[in-house]
Amino acid sequence: GDSVTQMEGPVTLSEEAFLTINCTYTATGYPSLFWYVQYPGEGLQLLLKATKADDKGSNKGFEATYRKETTSFHLEKGSVQVSDSAVYFCALSDRGSSNTGKLIFGQGTTLQVKP
Amino acid sequence: DAGVIQSPRHEVTEMGQEVTLRCKPISGHNSLFWYRQTMMRGLELLIYFNNNVPIDDSGMPEDRFSAKMPNASFSTLKIQPSEPRDSAVYFCASSTRQGSDTQYFGPGTRLTVL
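Note that the protein sequences, when read in sequence, are chains A and B.
For the first sequence, the numbering used here gives the first residue as 1, with consecutive numbering after it.
For the second sequence, the numbering used here gives the first residue as 1001, with consecutive numbering after it.
In isolation and in its complexed conformation, chain A is listed as follows (with noise of 0.2 Å):
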């Protein structure tokens, strides 16, 4: 079946340092990807989102490419900061023959920026 893996964490970074978090996928037909961000204490929001292949989805400074011939949606931000501390989950959409909307998450990855 569909399934997503991510970078086991946690993930320690300096303040202004480069991130990547990396996502892998596995799924029949062509599923829409997608980064969730939660804060302590917080649900799960939406960061970014693409629907097709070489698609950029982007927000907050945060990018993650479709990347079909490697099966990745790898996270990615330039410069990181304190406020960026969370749980990130990459995940995707089941398009399959039902096309439910039924997401399928990763672990999660842990960051955590120090001052």
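To be clear, the hints were calculated from the coordinates, so they are not data collected in a lab.
Beta carbons: idealized from backbone N, C-alpha and C, even for Gly.
Any given hint could turn out to be false.
Said to hold, decoys possible - Heads up, simulated SDA-like pairs for lysine to any residue below, C-alpha to C-alpha not over 25 Å straight-line:
| # | chain 1 | residue 1 | chain 2 | residue 2 |
| --- | --- | --- | --- | --- |
| 1 | B | Lys-1024 | A | Gly-41 |
| 2 | B | Lys-1068 | B | Ala-1088 |
| 3 | A | Lys-60 | B | Arg-1085 |
| 4 | A | Lys-77 | B | Thr-1102 |
| 5 | A | Lys-60 | A | Gly-29 |
Stated by the list, open to error - A few chain B residues that don't get close to chain A, going by computed Cβ distances all over 12 Å:
| # | residue |
| --- | --- |
| 6 | Val-1004 |
| 7 | Pro-1008 |
| 8 | Glu-1011 |
| 9 | Val-1012 |
| 10 | Thr-1020 |
| 11 | Arg-1022 |
| 12 | Asp-1056 |
| 13 | Pro-1084 |
| 14 | Ser-1087 |
| 15 | Val-1089 |
Use these hints to put chain B onto chain A, whose structure you have.
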């Protein structure tokens, strides 16, 4: 617009008691999802509804768990009887229609079963 609303935000109960978690999806959204999050198992989809109809409940752990959606603006997740291993954060999410990708999450209910 108000987001997804969940209540209560925190619930502490004793083993064997019945627990009911509530969710109000975003107005106009037709799909509703219940998730459970724990350190050990991460984020798990329990059940989801389209147009108030349960579509897939394969993630519901066992018969002690049940979910209903009596109308488009309200859903409940019930655990009876509760057990300590049910302690987790339970999230509700909604989306605009079946097949729509983006889900909007509520703030969650933190359940502790003693």
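message = Minimum C-beta separation from B/Glu-1011 to chain A exceeding 12 Å: can you confirm that?
response = The claim holds: B/Glu-1011 sits with its nearest Cβ about 15 Å from chain A, beyond 12 Å.
task = Confirm or reject the statement that B/Pro-1008 sits farther than 12 Å, beta carbon to beta carbon, from all of chain A.
result = Label holds. Min Cβ-Cβ 15 Å, cutoff 12 Å.
task = Below or equal to 25 Å on CA atoms is what counts here, so check B/Lys-1024 against A/Gly-41.
result = 19 Å, holds
key: Given as non-interface: B/Asp-1056, partner chain A, CB spacing beyond 12 Å   = Contrary to the label, B/Asp-1056 does not stay out of reach of chain A, its closest Cβ about 7 Å off (not over 12 Å).
message = Check the hint pairing A/Lys-60 with B/Arg-1085 against an upper bound of 25 Å on the C-alpha distance.
response = Judged against 25 Å, a Cα distance of about 37 Å means the pair is violated.
query = With d taken as the least Cβ-Cβ distance between B/Thr-1020 and chain A, does d exceed 12 Å?
reply = Label holds. Min Cβ-Cβ 19 Å, cutoff 12 Å.
request  = Report holds if the minimum CB distance from B/Pro-1084 to chain A is greater than 12 Å, and violated otherwise.
outcome  = Holds: least Cβ distance 22 Å, greater than 12 Å.
message = Run the distance test for B/Lys-1068 versus B/Ala-1088: straight-line Cα separation, threshold 25 Å.
response = 20 Å, holds
task = Could you grab the alpha-carbon distance between A/Lys-60 and A/Gly-29 and see if it respects the 25 Å cut-off?
result = Distance of about 29 Å is beyond 25 Å: violated.
key: Pair hint A/Lys-77 and B/Thr-1102, alpha-carbon separation not exceeding 25 Å   = Distance of about 22 Å is within 25 Å: holds.
key: Exclusion check [B/Val-1012 not at the chain A interface, CB over 12 Å]   = At roughly 16 Å from the nearest Cβ of chain A, B/Val-1012 sits farther out than 12 Å, so the non-interface label holds.
query = Does B/Arg-1022 sit more than 12 Å from chain A, CB to CB?
reply = 15 Å, holds
When the structure is compared with the earlier hints, violations turn up for hints 3, 5, 6, 12 and 15 and for no others.
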